[in-house]
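Asker: The sequence shown lines up with residues 0 to 595 when you count with numbering that gives the first Met the number 0.
Because the hints were derived from the structure by calculation, they are not lab data.
Don't take every hint at face value.
Claimed, not checked - Computed Cβ-Cβ distance ranges for the label pairs, DEER-style: (1) 123 to 74: 32 to 38 Å; (2) 118 to 464: 52 to 58 Å; (3) 178 to 448: 47 to 53 Å; (4) 529 to 123: 41 to 47 Å; (5) 113 to 532: 45 to 51 Å; (6) 589 to 532: 28 to 34 Å; (7) 235 to 278: 29 to 35 Å; (8) 266 to 446: 38 to 44 Å; (9) 133 to 312: 20 to 26 Å; (10) 73 to 373: 53 to 59 Å; (11) 589 to 133: 51 to 57 Å; (12) 221 to 143: 42 to 48 Å.
Even glycine gets a Cβ: it sits at the ideal position worked out from N, Cα and C.
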Amino acid sequence: MIPRLPLAAAALVAALAWLAPPAARAQADDAVPQVTRTFALVDARVVQAPGRVLDRATVVVRDGRILAVGPDAAIPFDAERIEADSLTIYAGFIDGLSHAGIPKPQEERGGQQDRPDDPGNPPNEDAGIQPDRDARTLLDPGDKSIEQLRKAGFTVAHTVPHGRMLPGTGALILLAGDDPNALVLDGETSLFAQFRPAQGMYPGTDMAVMAKLRQLYREAQRRQRVETLYAANPTGLDRPAYDPVHYAFFPVLDGDRAVFFHTQNALEIHRALALREALGFPLVLTGLAQSFMALDALRDAGVPLLLTLDLPEEKKPKKDDSDPDSTAGGAPVPPADSVHAMTPEAPGSFFISDQRTRSYEDVEAEKDRLEARVRFEREKYLKTAGWMHEAGLRFGFTTADLDKPEEALGNLRLMVEHGLPEDAALAALTTHPADLFGLAGNAGTVERGKLANLVVTDGPLFDEDTKIRYVFVDGQRFEMEEARPGAGGPATVNPAGTWSFVVASPDGDVEGTITITGSAGSFSGTINAAVMPGPVDLDDVTVSGNTLRFSFDAGEMGRIEAEATIEGDRLDGTLTAAAFGSLPITGSRTAGPDRR
């Protein structure tokens, strides 16, 4: 009798069976029960919330929820046990504003926009006035931004459409799921606006954007009054015409939906606050790249804030090997009496008062002074989060301006290094955005009953060398590549050849073959088994160290991901169906160049 594995293991057999003919599928449907995912992370350090830590506790996850947290948490019989005595568990991060899961339109990839017949009064779509667009209708679960943000520790994102001044309404999404509906956590959470003028047409400047927003807002107010009068007594009145742009403002007029205004500099911050003062709409300010120049205004406004995780890139001059006094770490620091300190009370006062050189011919000295000034200007952005905290401002974070989401955690660590307290940084990733979006009962802390959105690291989050080991989204586990043995570096094995494999399942072994051809960087192959109608092509066949990875299409069950360690002519690993779980796979090479 074949020993039975945990119920989660049955998923792969079901997935493989979907590749079989319909009759075989019907039989498999009756034989394979629905499975759940249950994990127990044992003896971990658990940061339940900023400032609230359990030094040694177990976190149990089942059916997408946190079942238990504590030193004595009972471990269910069907749980996959993860020894976590060297790991730290945090609540999953929440991205306050991003474009996660929404592919960039052709126009923003460098495509050309047609000039309208009347540039002074263009169609709304051409002018970037599309507040009626819903982020949920634009979602693509396969968009690479979802995986990129997840690898950085984010589990929930407030995503908004790409576009110009009024791109559409936002939605809260989970950063895992096989179809758009599975991603959505909540919809119509915001009206997104930004100072991004149209090109070659009205509104083509920031001032024109402000004028157009005032016009649209007041038109929407008038239309809403007409709608109210008509609803109260329609007798003898013409039915108001439907206008999707104006109707998109109605929840904002009612105070039920905030305008998330994205800003790139201090001037835009003041302009957005001026619009809010004139029109009275609920406002959330995002971006805030130069908020060090507007701390008083932000404090007086009292609106929710989302600070960008994008930071200016450090410019390091190349070392001149011919000059023994040159350095690769940056320009020399000017004399102490020529540098004025920068403080939260006067952040703009950080400057080099003496920028003179001895002669116009002293090019190197002038170059050094310029490089030093660039470095000092960059310091303002690194210290902004700390100043905002010292000013008593609560804020979350946005990745909307990040070209590379994988830089988010590194940039956050730079903010901590430059004055942002660690608990404040963690709150900005978790509890503050959870409160802002009404998610406090569902996310933001590691507590029983909440969504199983977790970040598991191999050390304190803000230490430079700490790596993310696992991310759980809605109870679904994702293991980070850099945490896997043999995952890094160039290939140390050649997987080419024919492999016979066995997948162990509760209902018996599934046998088949894998054939891999090609060479490093260009491997391809097929997989075949008795439950399949024929060979299926492998995708993304890669080797890192001694770890082989590939995926293949399992029909209606979606994709199956494979990972196996190769030792000589043996392989040992797992096949994983994202919606269900993993099954162990073992195999041996029966033919190939490396077989002895």
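Asker: Would you mind marking each hint as holding or not holding in the structure?
Answerer: Okay, the hints, checked on the actual structure:
no., hint, result
1, 123 to 74: 32 to 38 Å, "violated, 57 Å"
2, 118 to 464: 52 to 58 Å, "holds, 55 Å"
3, 178 to 448: 47 to 53 Å, "violated, 26 Å"
4, 529 to 123: 41 to 47 Å, "violated, 57 Å"
5, 113 to 532: 45 to 51 Å, "holds, 47 Å"
6, 589 to 532: 28 to 34 Å, "violated, 23 Å"
7, 235 to 278: 29 to 35 Å, "holds, 32 Å"
8, 266 to 446: 38 to 44 Å, "holds, 42 Å"
9, 133 to 312: 20 to 26 Å, "violated, 35 Å"
10, 73 to 373: 53 to 59 Å, "holds, 57 Å"
11, 589 to 133: 51 to 57 Å, "holds, 53 Å"
12, 221 to 143: 42 to 48 Å, "holds, 43 Å"
Violated hints for the displayed structure, listed by number in ascending order: 1, 3, 4, 6 and 9.
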